[in-house]
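Quick mapping for you: the protein sequence lines, in order, are chains L and E.
This note's numbering puts the first residue of the first sequence at 16, with every later residue one more than the last.
This note's numbering puts the first residue of the second sequence at 6, with every later residue one more than the last.
To be clear, the hints were calculated from the coordinates, so they are not data collected in a lab.
Incorrect hints may have been included.
[Claimed, not checked] Residues from chain E shown here face chain L by an in silico Cβ test under 8 Å; the list is partial:
id, residue
1, Val-50
2, Gln-55
3, Leu-57
4, Lys-58
5, Lys-65
6, Arg-121
[Claimed, not checked] Residues from chain L shown here face chain E by an in silico Cβ test under 10 Å; the list is partial:
id, residue
7, Lys-153
8, Pro-154
9, Gly-155
10, Thr-214
For glycine and all other residues, C-beta sits at the position ideal for the given N, C-alpha and C.
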Amino acid sequence: MKSIAAIFFVFALALSSAGAKDLKLLNVSYDPTRELYQEFNTAFAKHWQAKTGDKVTVQQSHGGSGKQARSVIDGLEADVVTLALAYDVDAIAEKGRLLPKDWQARLPHNSAPYTSTIVFLVRKGNPKGIKDWNDLIKPGVGIIPANPKTSGAARWTYLAAWGYALKQNNGDEAKAKEFVAKFYKNVPVFDTGARGATTTFIQRGIGDVLVNWENEAYAALREAGPDKFEIITPSVSILAEPTVALVDRVTKRKGTADVAKGYLDYLYSDEGQDIAGKNFYRPRSEKALAKYAGQFVKLSLFTIDEVFGGWAKANKTHFADGGIFDQIQRK
Amino acid sequence: MKIPQFVTVSVLAGVLLLPASVRAQSATDQKLLQKIEELEQKLKVLERKQELKDEETTAKAKTTPSIVLGEKGFGFTSADEAFALRLRGVLQLDSRTFFRDHGIAGNDGFLVRRARPIIEGTVYRDFDFQFVPDFGGPTAQIFDAFLNYRAFPELQLKVGKFKSPVGLEQLTVDVETLFNERALPTALTPNRDLGVQLHGEAFSGRVSYAGGVFNGSGDARNSTNLDTDDTKEFAGRIFFQPFKPEADSFLRGLGFGLGGSYGSEHNNTSLPATTGGTLGGYATDGQQQFFAYNPTTGVVNANGEHWRLSPQGYYYYGPFGLFGEYVISNQRLSRTGAAPLSSVRLENTGWEITGSYLLTGETAAYKGGVNPTHPFSLSEGGWGAWQLVARYAELNVDEAAFPVFANPATSASGAQAWSFGLNWYLNRNITLKTSFSHTTFDFVSGGGTGTRAATTAPGIVARQSENVVFTRVQLAF
């Protein structure tokens, strides 16, 4: 029997000694964060190697936030998720049981290291004269948002439009519903994610106005050029708080919990916040916010808690099967 | 829905061909221009919707499991191929007809030789499993049940019940044997056993190896799924195919190696058979037992060291195939229960050489079976593949076994068999086989005087030779 034990010992030793210092992380994120995390991953890898000596390679996966959450629940082995909605991370905690339900309390600012909002991108010269949300529901205006069933940006867009309508109509829910119904009547094509919507608007030349993340609009403007498009900031919009979380069960199994936690912590560092600002996300730190204050137009922002009572309630009322979004789509 | 390109081109051409001055001239013209722009937008929207639909279809295909239904069975595979489930099966319907057997009743007949559903698959890409029950014998039993971890092609770990890695013909897949039954020396090699095995192949398949620790099984026995002693058997095999990667070399089909086992056994289930009747024992091609440890009094047990050694090799070139092996099985035995009590080390040996030739020109190989160039079809004129096969084999029992450990009256000390046959592969799944086998026996001085059991089949051979015609209808997928 000693011989058997020896065989297993040698085998186990061979397996355990392979690649101990070469770490790999998978960051499952939403659609428009490609450029942000490309830059951040490089910075973090340098930081982690200097701190621990370990080499880290971070792989990225991008798609509509809701679709990405479902992939993680179905088995995509994400070490960290950086999604558009806290609701999507909640789903991973509740349906996938891959992290604790109180995940949002584990990092500062409710695990949202940067914020954004929803703005408009129009073609140069603003031929349809769009200035605010109420211009979007006029007949003949083609609006390009993503699909709220699959995209985080699209849900923020829907809620921003709803919040604006409520404010304009003294809290009248029926009028808000009517407003949002008109809004989506002007949508010629739905993309599943924010980046797809940008492609539809810019590369395919469809529609008069792209309604999307502020960071996505600025990135598109930088890419396509200010001679072709311009950004319109509405009078009021929603404070979007994309959230990040460690996927406990995956990192425990892969032995990557320390580096994954370090990765998320680094988003709050000076360098992490600076990279967020550089990529048109609104940083949390005062220092970075001050540095990039010039690129963000000031506007009135409301939170989801203030107007909708939080994500769970907003989802149940508006986006669940049979919710208001389904009702207005059926009309 | 795909928008015809000429429609798009026509509309855009229409837009572009309109002179700017005309466009701006009048309100009518403005309306016309607006209409064209609207039409252009509609076309773009339709095209984008189609593009998104195509993207969705492509994405869906990446996550949709595939179903395979073909000559290699039925299966389901996840889109990323990390998970798979396959259902295969084997059915062998045989007949054995004995000639000049001096009127022995009960040994001619039809039989279901093997009836095995094979359930196999893969989980998490690197873990394979197989489960094979058999319903062909008098009782249903589990033949194979194992889990295999493919860390690398060079290093794999197999746990469960499977064939012990010693004999060349023993390791041939059951549906790919050239004759209905394996040759005499295979009886000296271990069959399926329970254990743990490391195995793999390296240098582009030039070297393959397997080595493991097993419960230990007697010659010509399958493990009974439990072990009745504390001792274990180590079995291993190394095999070389030095020209395997060289596609054009005439030596590509050359392979040679060495298999062996070493262990210690201490009961009578570690022997080929201790009585007559239906137990395996050393049997002829016709599956009639010609030797058993069956003294007239007392019980024979394995009593210590047991080792086997099997040099082996093959050569395949085009339609021609040749393989052979030599096997030594050396085992210590004791007899108890009646005087004289004894202990002895016996060495039984056997060898075979088997040749085959595919008359229809297909390529022969040790693994993979025969793939007919023109599968049998009356409507399309194919006649499948036809193969001639011939074999000579011997098994020699250590004469020191007689008379204390085996009854010389009813156990032969050796057997020699020559066989020839014709195999017809209608397609990859259906094979018809027919063959003739002639076996003669040796007896120690004064032996072979017993008679065959007349009422049990297979019986125990007496002095006369065995002549048997086999047929087989085989379905394998």
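Hint by hint, here is what the structure shows:
At a threshold of 8 Å, the smallest CB-CB gap from Val-50 of chain E to chain L is about 4 Å, leaving the interface hint in force. Against a cut-off of 8 Å between C-beta atoms, the interface hint on Gln-55 of chain E is violated, since the closest Cβ of chain L lies about 10 Å away. The closest approach between the C-beta of Leu-57 of chain E and any C-beta of chain L is roughly 7 Å, which is under the 8 Å cut-off, so the hint is satisfied. Interface hint status for Lys-58 of chain E: violated, as the beta-carbon distance to the closest one in chain L is roughly 11 Å, over 8 Å.
The beta carbon of Lys-65 of chain E is not positioned within 8 Å of any beta carbon in chain L (closest approach about 12 Å), and the interface hint is therefore violated. Interface hint status for Arg-121 of chain E: violated, as the beta-carbon distance to the closest one in chain L is roughly 30 Å, over 8 Å. Nearest Cβ of chain E to the Cβ of Lys-153 of chain L: about 15 Å, over the 10 Å cut. The hint is violated. A distance limit of 10 Å between C-beta atoms decides the matter here; for Pro-154 of chain L the minimum to chain E is near 12 Å, and the interface restraint is violated.
Because the closest C-beta pair between Gly-155 of chain L and chain E is about 9 Å apart, less than 10 Å, the hint holds. Interface restraint check: Thr-214 of chain L against chain E, minimum CB-CB distance 9 Å, threshold 10 Å, status holds.
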